[in-house]
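Since chain B is already given, all that's left is putting chain C on it; use the hints.
2 protein chains.
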Amino acid sequence: MVGKILRVNMRELTVRYEDLPDKYLLFGGRALTSALVADEVPPGAHALGENNKLVIAPGLLSGTTAPCSGRLSVGAKSPLTGTIKESNAGGITAQKVACLGIRAIVVEGRPAGDGFHLLVVGEDEAKLLPAGDLTGMGCYRLNEELWKRYGTKSGVISVGPAGEMRMVVAGVSTNDGEGHPGRYAGRGGLGAVMGSKGLKAIVVRTDKAFDVPVKNREAFKEAARKFAKAIAEHPVTNAALPAYGTAVLINILNEAGGLPTRNFSDGQFEAAALCSGEALAETVQKRGGKGRTGHVCHPGCLIRCSNIFADEKGEAVCAPVEYESAWALGPNCGISDLDHIAVLNRLCNDVGLDTIETGVTLGVLMEAGVLAFGDGEAAIDLLDREVRNGTPLGRILGGGAEAAGKLFGLTRVPTVKGQGMPAYDPRAVKGIGVTYATSTMGADHTAGYSVTSNILKVGGFVDPLSPAGQVDLSRNLQIATAAVDATGLCLFTAFPLLDVDYALPSVVDMLNAQYGVNLTVGDVVDYGKEILKTERAFNRAAGFTKAHDRLPEFMRHEKLAPHGVTFDVPDEKLDEVFNF
Amino acid sequence: MVGKILRVNMRELTVRYEDLPDKYLLFGGRALTSALVADEVPPGAHALGENNKLVIAPGLLSGTTAPCSGRLSVGAKSPLTGTIKESNAGGITAQKVACLGIRAIVVEGRPAGDGFHLLVVGEDEAKLLPAGDLTGMGCYRLNEELWKRYGTKSGVISVGPAGEMRMVVAGVSTNDGEGHPGRYAGRGGLGAVMGSKGLKAIVVRTDKAFDVPVKNREAFKEAARKFAKAIAEHPVTNAALPAYGTAVLINILNEAGGLPTRNFSDGQFEAAALCSGEALAETVQKRGGKGRTGHVCHPGCLIRCSNIFADEKGEAVCAPVEYESAWALGPNCGISDLDHIAVLNRLCNDVGLDTIETGVTLGVLMEAGVLAFGDGEAAIDLLDREVRNGTPLGRILGGGAEAAGKLFGLTRVPTVKGQGMPAYDPRAVKGIGVTYATSTMGADHTAGYSVTSNILKVGGFVDPLSPAGQVDLSRNLQIATAAVDATGLCLFTAFPLLDVDYALPSVVDMLNAQYGVNLTVGDVVDYGKEILKTERAFNRAAGFTKAHDRLPEFMRHEKLAPHGVTFDVPDEKLDEVFNF
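If you read the sequences in order, they're chains B and C.
Under this note's numbering, the first sequence is numbered contiguously, ending at residue 580.
Under this note's numbering, the second sequence is numbered contiguously, ending at residue 1580.
Okay, chain B solo, but in the shape it has when bound:
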């Protein structure tokens, strides 16, 4: 037995454990969610229908002492994009699920009625309970309530009102060690899938974090020590991220002319400094109280990129405020007030919305004139009142950027495969443009984070403004990322993995020691390719072709200031990304 699958049937309201088939021995995280979705969900299924399945899987290394291995993957057919989808999040839950011997939770079927349920998974049993009293709750109160009932060591996976209402902008929340619900598997509307199953939350009850069995403990320990050293030695993971968090990128991207501003109409934001990582860190420090930087999202994290943003009284407003969230709710909306940004971020966490899709949709609605660029108060009202209550305007925001663009007849709509683009303008960071265009997930920066070589000069340098070299860069990163997403390792370990020669071998050594196998470094590439092939095959059967591997038309014609660039990687080159 290589582990268990916990199957939860929401039509029958039954739970059962079954053995993970042997073929899935080395499938974890995204590899396992994508394999199970590809094997069990018809590609033509309606994403909110009874034939879709929500799959939750910790990474292969989650629950061991491997540093930074606490990512939890959530997968399904996406109601936002229509593609296969995996989105992963930090927080404390992946390790707990893994420590219970569960390799995947598969939520299937759909209830006949409208009621919601709660799944409680303990060390001895799993059960479904009616959750009528929790229905409609925002994730903050819900997490408080569930910790009150099940203890403050519980992992909580949940949806807010947006997920209950099956809005395709809804994400799946997981909690951190303080009970904040801000660790989101945000992208692709997975919260709507969970909502469509009538599942309000999953509570994972165990105190353990590092209890997953390892076959060769000594070898594992040695490899983990080496990997930790690589993380400790890299300047991005040992200094920039802990000091400023990911929001350090605001100034960097602004400088590079690739910070999408006011719905991707400019590459620089005049007020970027006001909402930069530096400003955020300074504000948090000055205010004191519960705010802090250098926070960890799960036990065993060595990078500490997270933060808790506090208000003027020192009360925690939002944890964390990440770069992509700050950008989406800030510069992309012409908003520079950090307090507005933090409140918007908190509202996303509470109502249960993907911060990126929310910010991109807000930008589109601002372009449509529904609210004004820069009007933080109006944006707050839109999320807190309209979306929370499911008013028509709230439903429009909950439908995502592509739908909003369609409803208002706009052409400047920054989406690929229906998903809003994250915080890097592909005209000025062309490697990420290739990833947005071709990823199996729609526009997704994490699927092949070419910003590394384009901007951060990690893993070499590829000129971000030239079309040359971007396809190779994106391809290699998409393959590597698929593999990393299977391990449960935080994507930020990619910095040492790309630059420190013994980092990747130490990860392979950990996997070999844990599972008693003999992978080589070369196998990792094949492993990543297989994941992508599985996902591409699903998408192809669902109707996706190379015509969908394209950026929106306006990016080919509209020049982006300050560099005056368009996206000029030729279509034929884009079609070479998956030539393996």
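Do not take every clue at face value.
[What the hints assert, rightly or not] On the chain C side, residues computed to face chain B include the following (Cβ under 7 Å):
hint : residue
1    : 1048
2    : 1314
3    : 1392
4    : 1399
5    : 1406
6    : 1409
7    : 1548
8    : 1553
[As the list claims (entries may be wrong)] Think about it this way: if two alpha-carbon atoms lie no more than 27 Å apart in a straight line, the pair counts; the simulated DSSO-like pairs of lysine-lysine are:
hint : chain 1 : residue 1 : chain 2 : residue 2
9    : B       : 546       : B       : 529
10   : B       : 546       : C       : 1573
11   : B       : 546       : C       : 1208
12   : B       : 215       : B       : 23
13   : B       : 4         : B       : 23
14   : C       : 1546      : B       : 573
15   : B       : 529       : C       : 1546
16   : C       : 1313      : C       : 1148
17   : B       : 546       : C       : 1529
18   : C       : 1153      : C       : 1208
19   : B       : 546       : C       : 1533
20   : C       : 1529      : C       : 1559
21   : B       : 533       : C       : 1313
22   : C       : 1023      : C       : 1573
Keep in mind the hints are simulated off the structure, nothing from the lab.
We treat Cβ as the ideally placed atom computed from N, Cα and C, and that holds for glycine.
Okay, now just chain C, sitting in the frame of chain B:
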């Protein structure tokens, strides 16, 4: 010179005539709109962007004395479906355009600003005029105003507020001989394309209706006489349609269990008799005044299926009330009050909305609980206030059924390729289901009207409840329809064309006489196939695959009362429709 193209550039605000290339000699109506769109619009273009083109073309026989040849085709890449799109309408304008020697009007480019223009096409010149004073006008007032300015013999092609707002439910209105704007090229959001071009209306100024040159006048006259005889002899075109109009189908489809009721949740409507064609005719007769049946939509029509619905005072409310409109705004919304239906129909005509897409979207919103099934007053308010003013809820309706379904997280959403299904449930009328699934246009009954053989027993009988024979039926009709749509002939001539042996030869004789060519009856099939191949190739390049040639998942699982049927034509059979 085989005719002229009138090119209207909305970026430069210029008009110019050019010779129709020889290769297009025998391209008219849909054949010409589809060929021009395929030749000149990049398949990846944004449908509301500067690279899409709106093409307006009369049929090959329009403007001659061929009976029932007044159809006007409008084509573009559709903002609703993303496919190539042709939608055609009756009314007086096709003949006028043809009599001016214009084979196609091609509207291209996109204005930099927001202002609207009016295109006036006369016998000597065409010009663009600012239309600021007409902006925001409903089509009824607009048509009155334009007839006041340009005379009551003018053809008027226009968009209402919905088209100006680029709502993808917006259609293109044309007028009838009384100046009613209810002749719609409704489907596929072509009104939004016209609106995106900043074109409020086109006025076609000529009194002529039958002035197109014919090479061999005697042969033409003889062939036209024969064709008229065939129309006069067929029981559908000589009795049922003139007496009751198309709404005669309400009772017929209800009887057959294929009248989609309350958002396709039932196949029969308990109050069908109240809104049937028979009830409509009786009401119109009883009320007197301006109401009537047996009305013609253009000079030379021999079928007279049209009607003018009058209110209790005898004032004209809406012309015409067609079956699909009455169904969409009636039974599909649980509404049986003919006065409500007629007012809703008038509002669609005035605001500039496709009645079918509007009704299907209303059905979806009723299922979502936004308004109640059967609440005609609420539906009227939604169109008259919310849509007309572009409120958030109005924008949702204006986004069509698929978007509404997505925003409200529903799975019972009756669309194919993003377009709402017309008035025949494909589970109980399986031939039309094959057409909906595979048509190049999305769910479109006119693309291959299998209702003929399934229900009306015209052109043979194919059991509507069995999957057998439906693919062949739909294929043959899709091919024949493409050819008919090129001629400018009303689709109702298909009844004699299918049943009367000399009908099709007489059409071929007319074409030969008019153009001095030697087509055979056998050529007609190849001609239809070529049109479909052109359209399929465009769609393929735009990203459509066999995965899109499918009905919504719920129709495979949810049984339709009263027959308890699902849609069970196998996918592999659907993929055989275009095996030519």
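Evaluated hints:
no., hint, verdict
1, 1048, "6 Å, holds"
2, 1314, "38 Å, violated"
3, 1392, "4 Å, holds"
4, 1399, "4 Å, holds"
5, 1406, "6 Å, holds"
6, 1409, "3 Å, holds"
7, 1548, "5 Å, holds"
8, 1553, "5 Å, holds"
9, B/546 - B/529, "18 Å, holds"
10, B/546 - C/1573, "25 Å, holds"
11, B/546 - C/1208, "49 Å, violated"
12, B/215 - B/23, "19 Å, holds"
13, B/4 - B/23, "13 Å, holds"
14, C/1546 - B/573, "25 Å, holds"
15, B/529 - C/1546, "26 Å, holds"
16, C/1313 - C/1148, "26 Å, holds"
17, B/546 - C/1529, "26 Å, holds"
18, C/1153 - C/1208, "9 Å, holds"
19, B/546 - C/1533, "20 Å, holds"
20, C/1529 - C/1559, "34 Å, violated"
21, B/533 - C/1313, "68 Å, violated"
22, C/1023 - C/1573, "35 Å, violated"
Checked against the numbered hints above, the structure breaks hints 2, 11, 20, 21, 22 and satisfies the rest.
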